[in-house]
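Whenever a hint applies, use it, and build me the whole structure from the sequences.
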Amino acid sequence: EAAVTQSPRNKVAVTGGKVTLSCNQTNNHNNMYWYRQDTGHGLRLIHYSYGAGSTEKGDIPDGYKASRPSQENFSLILELATPSQTSVYFCASGDAFRVQDTQYFGPGTRLLVL
Amino acid sequence: GDSVTQKEGLVTLTEGLPVMLNCTYQTIYSNAFLFWYVHYLNESPRLLLKSSTDNKRTEHQGFHATLHKSSSSFHLQKSSAQLSDSALYYCALSSNTNKVVFGTGTRLQVLP
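So the sequence lines, in the order shown, correspond to chains C and F. The opening residue of the first sequence carries number 1 in the numbering used here; numbering runs sequentially from there. The opening residue of the second sequence carries number 1001 in the numbering used here; numbering runs sequentially from there.
Think of the hints as simulated: they come from the structure by calculation, not from any bench. No experiment lies behind these values; they were computed from the predicted model shown. Careful: at least some of the hints might be erroneous.
As the list claims (entries may be wrong) - Partner residues aside, some chain F positions facing chain C, computed with beta carbon under 10 Å:
1. V1019
2. M1020
3. F1033
4. Y1037
5. L1047
6. F1063
7. S1084
8. D1085
9. V1100
Ideal Cβ placement from N, Cα and C applies to all residues, glycine included.
As structure tokens, this is what we get:
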């Protein structure tokens, strides 16, 4: 069974502060993804990665950076957090970029920016 | 670009009644895969079922869906809803763009 973990599970940040969300996967998957989930918008792709050292912009990358220091770890960084970034963030991993590949999601991080 | 439409944000029905969650999509690629992911409260979203074969019924855990390329639809159905089916359901599309596009999700609320 795929295993994707996220930390922290809940975070309260102040406007203008730096926030780092971490994701770890033990599936040896090449690809990892960061999504945010908002009512009325569903899951939207922020950044993704093909492997260690690579990061790519997704559909809504503004205000976010990503880092993939190893196969297992993928971080999402909010350098200057804003209230509009209050959301639930999901990390996911997948074996490869084939159209039929399943994505395996972590439990989510609930972020509140005050 | 690719897109997925789930028109219903909330579907509420009584236990025992049939379920149908609508999903339509747009893509220029003929080899696209369609997925249904389910997100139960306090759990991780996970795959429910997927398909790329036209007019073939795909089933899993009591749910089924048939991809109809002629109408660009992949509706999720179940013959009899259970209380435990209450969750958020996402329809998603994967094509040659190397990204999965998710719909906005439909929350299914099953009442006793």
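The hints, checked one at a time:
1. V1019: violated (19 Å)
2. M1020: violated (19 Å)
3. F1033: holds (5 Å)
4. Y1037: Since chain C brings a Cβ to about 8 Å from F:Y1037, closer than 10 Å, the hint holds.
5. L1047: holds (5 Å)
6. F1063: For F:F1063, the interface hint is violated, since the closest Cβ of chain C sits about 16 Å away, which is over 10 Å.
7. S1084: violated (19 Å)
8. D1085: violated (19 Å)
9. V1100: F:V1100 check passes; min Cβ-Cβ to chain C is 6 Å, inside 10 Å.
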